[in-house]
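Taken in sequence, the protein lines are chains A and B. For the first sequence, position 45 matches number 45 in the numbering used here, and the numbering has no gaps at all. For the second sequence, position 288 matches number 288 in the numbering used here, and the numbering has no gaps at all.
Please note that the accuracy of each hint is not assured.
Said to hold, decoys possible - Quick partial rundown of chain A residues pointing at chain B, CB under 7 angstroms, derived from the structure: (1) Met-1; (2) Met-24; (3) Asn-25; (4) Ser-29; (5) Gly-31; (6) Asn-43; (7) Asp-44; (8) Thr-56.
Unchecked claim - Quick list of in silico lysine-lysine cross-link-like pairs, BS3-like style, CA-CA up to 30 angstroms: (9) Lys-73(A) - Lys-125(B); (10) Lys-46(A) - Lys-180(B); (11) Lys-73(A) - Lys-206(B); (12) Lys-125(B) - Lys-431(B); (13) Lys-46(A) - Lys-2(A); (14) Lys-125(B) - Lys-7(A); (15) Lys-184(B) - Lys-7(A); (16) Lys-177(B) - Lys-2(A); (17) Lys-7(A) - Lys-206(B); (18) Lys-2(A) - Lys-184(B); (19) Lys-435(B) - Lys-412(B); (20) Lys-156(B) - Lys-108(B).
Derived from the structure by calculation, the hints contain no laboratory data. Backbone N, C-alpha and C fix where the C-beta goes; we use that ideal spot for every residue, glycine too.
Residues per chain are reported as follows:
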Amino acid sequence: MKLIETKSDMRGSITAVNGDDHFMNRITSIGITEGTTFQTVRNDKKMPVLIYLRETLISLNRADAERIEVTSK
Amino acid sequence: MTGSIALLGQPNSGKSTIFNNLTGSRQHVGNWAGKTVEKNEGTYTYNGTKYSVTDLPGSYGLSGNSDEEMITTDYIKSGQSALTVVLVDASQLERSMFMLAEFARLDKPAVLVLNMIDVAESMGKTVNAEALAKKLGIPVLPFNATDSKDYDKLKKLIEDELKAPHRLIVPAPAENKNVKENSKEKFEWVDELLSDVTQTGDAVYKMSRFDRVMTRPVLGKVLCIGVVLLAFLVAMLIMIPFMSIGSMIPTILHDPVDKLLTGWNVHPWLVSVFSTMLPNVLYFTISMASFVFGVNIVFGYLEETGFLARAAYQFDGLLSKLGLQGKAICPMLMGFGCTIGGACGTRVMDNWGQRMLAMSIVWAIPCASIWSIIPVISGMFFTWWQTLLVCVGILLYVVITMIVVSKVFSRKLAPQATRSGMIMELPPYHKAHWKHIIKEAFFKAWDIFKRALGTVTLVSILFYVLSFSKDGNVDNSLLYRLGTFIEPVTKFFGMGWQTFMAFVSGAFAKEAVLGTLNAVFMGDNSLMEATFFSKTASTDTALLGTAMSAAISPAEALAFMFATTFNIPCIMALSTTYKESHSLKWTVKVALFYICNALVLSFIVYHIASIFM
Chain A
1 MKLIETKSDM
11 RGSITAVNGD
21 DHFMNRITSI
31 GITEGTTFQT
41 VRNDKKMPVL
51 IYLRETLISL
61 NRADAERIEV
71 TSK
Chain B
1 MTGSIALLGQ
11 PNSGKSTIFN
21 NLTGSRQHVG
31 NWAGKTVEKN
41 EGTYTYNGTK
51 YSVTDLPGSY
61 GLSGNSDEEM
71 ITTDYIKSGQ
81 SALTVVLVDA
91 SQLERSMFML
101 AEFARLDKPA
111 VLVLNMIDVA
121 ESMGKTVNAE
131 ALAKKLGIPV
141 LPFNATDSKD
151 YDKLKKLIED
161 ELKAPHRLIV
171 PAPAENKNVK
181 ENSKEKFEWV
191 DELLSDVTQT
201 GDAVYKMSRF
211 DRVMTRPVLG
221 KVLCIGVVLL
231 AFLVAMLIMI
241 PFMSIGSMIP
251 TILHDPVDKL
261 LTGWNVHPWL
271 VSVFSTMLPN
281 VLYFTISMAS
291 FVFGVNIVFG
301 YLEETGFLAR
311 AAYQFDGLLS
321 KLGLQGKAIC
331 PMLMGFGCTI
341 GGACGTRVMD
351 NWGQRMLAMS
361 IVWAIPCASI
371 WSIIPVISGM
381 FFTWWQTLLV
391 CVGILLYVVI
401 TMIVVSKVFS
411 RKLAPQATRS
421 GMIMELPPYH
431 KAHWKHIIKE
441 AFFKAWDIFK
451 RALGTVTLVS
461 ILFYVLSFSK
471 DGNVDNSLLY
481 RLGTFIEPVT
491 KFFGMGWQTF
501 MAFVSGAFAK
511 EAVLGTLNAV
521 FMGDNSLMEA
531 TFFSKTASTD
541 TALLGTAMSA
551 AISPAEALAF
561 MFATTFNIPC
571 IMALSTTYKE
581 SHSLKWTVKV
591 ALFYICNALV
601 LSFIVYHIAS
611 IFM
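The task is simple: from the sequences and hints, build the whole structure.
Now the structure itself:
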């Protein structure tokens, strides 16, 4: 499933990140790499998705969250 | 003897706090050669040795091709600094150690500072610094930025390391051309390093109660706006004591200086420069600097506690349409109070282009002074509901101006490829370091005072020369001659010489508009006094209204109101923008845009209004 489809408090791990090098560089240097476990903290309509990953609360806009594939644990 | 070090760290790693505390007021801000990235340098002295500190631009990594990352990599490679101090956030160690993984391949002398060790401990996280140092081969210093003893430890460590430097002994992670794999391998390198030296707290994240409220879609936004408005009020409260002392300067100095110089037979023109103009310039600049002081304190507080990151989260979607990061919401709201506050509030943004774009958009927001003069002027010509319509019209045009400014300037200032802020971290709430906030706010205010004094004096002299007349009669001033001379042109834009003159003085200070109108329509005040004593002089608006409505048409009044509102903000805001952006070129560019915008707007409003009125 896509990160954007996850519900609050769901825990899982990142399975794939898709995008150009620029996007990939930004997203992976903040810690969103394949295999990382995460927790969706908040996912409201029209708002960025809040996830907790590598001890950090991260906000991702919806278009970016669309490009991240995850699996629930 | 001298030593040279560089500070390297991700955004939110506390780098600027450490830089400011190390160097104090001995700082120099410039730009990296050929780049629009801000370069901060400073010095400090320890045990008789002078150290220069370079604050490297903040970025999450060093592999990307952004200006920030290239500058940092090139600088470290060049060896201009003998030692790199790598800062990581101990409360988010795993993620922030990525920077060290990126740094490793450069193979230069380094120390690792575990900043925010106090926050990490309060979360129940522990780091075995000694074990980590042993693995890495470089010193590791747990650090609490609020503890002055830790700065001594850091300075001592730097002194020792410059004599006997250490490099990483752990092999650097392999470089991989594939961005995804590259980051993955580096995080594995970090995980391996940290595996037996750290203990992290709970794996399940629980939002604090405050965060649960702050991240709610509607309530969170309302709260953000409320907090920023409150912050504005607090900034005003901080400013009031300084300003009231400043306001006494013109009154105290005027008579003695006047008497003294007249006694020496100095030309009356020069006498009033020293007795009227310069004391007022001093007063203006003190007011401005004290406001900047207040704004820096409240924004420093909001940033350090982590509030700004929440506001950015709330408004990122809306502002990305203007090419801005969510963080720009705070300076923009501040702009409704004062454009100076808005401009210096953009400091919280981490990229120069974003800051310049935010400042040029903040200029479109009518400040409190405009809101105080527009209803007065409108009331002279229109009924109360028409006045309300004028205000609504102005608000609508604010949105249009913002969109146009963004369209015109964002391609250069915020190219699509560099737009950041969509991915950002929300740091945990921190306690504010008051001492540091106040100290830093004071340095910034002092800095802006020194620089602005020159700019404001220069422009004041220019305006003074233009508005001076021997007998105090407007008709004898250069501005009058100039105004009437170019009246055919200004008439084309919808303004006669009187309103055009008020338009020009509005670019000097919005408060001066009423005084200038009084001078040109009533002729009982000299133009110069109207401008410089605008904050103390009172205007009889009823009388002025009668005189004005007899002299000019409602269409001209309407055109004038729009032109004044959307012209460049006051000269103090202009000089703040210049000071904050370090770019005369861009300040002038944006100023020219606003002047043209105001004139074109005046033209359109006048000619449309003439059809109906």
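The hints, checked one at a time:
no., hint, verdict
1, Met-1, "20 angstroms, violated"
2, Met-24, "4 angstroms, holds"
3, Asn-25, "4 angstroms, holds"
4, Ser-29, "4 angstroms, holds"
5, Gly-31, "4 angstroms, holds"
6, Asn-43, "11 angstroms, violated"
7, Asp-44, "5 angstroms, holds"
8, Thr-56, "5 angstroms, holds"
9, Lys-73(A) - Lys-125(B), "25 angstroms, holds"
10, Lys-46(A) - Lys-180(B), "28 angstroms, holds"
11, Lys-73(A) - Lys-206(B), "18 angstroms, holds"
12, Lys-125(B) - Lys-431(B), "18 angstroms, holds"
13, Lys-46(A) - Lys-2(A), "16 angstroms, holds"
14, Lys-125(B) - Lys-7(A), "28 angstroms, holds"
15, Lys-184(B) - Lys-7(A), "26 angstroms, holds"
16, Lys-177(B) - Lys-2(A), "26 angstroms, holds"
17, Lys-7(A) - Lys-206(B), "15 angstroms, holds"
18, Lys-2(A) - Lys-184(B), "20 angstroms, holds"
19, Lys-435(B) - Lys-412(B), "38 angstroms, violated"
20, Lys-156(B) - Lys-108(B), "20 angstroms, holds"
When held up to the earlier numbered hints, the structure conflicts with 1, 6 and 19 and fits the remainder.
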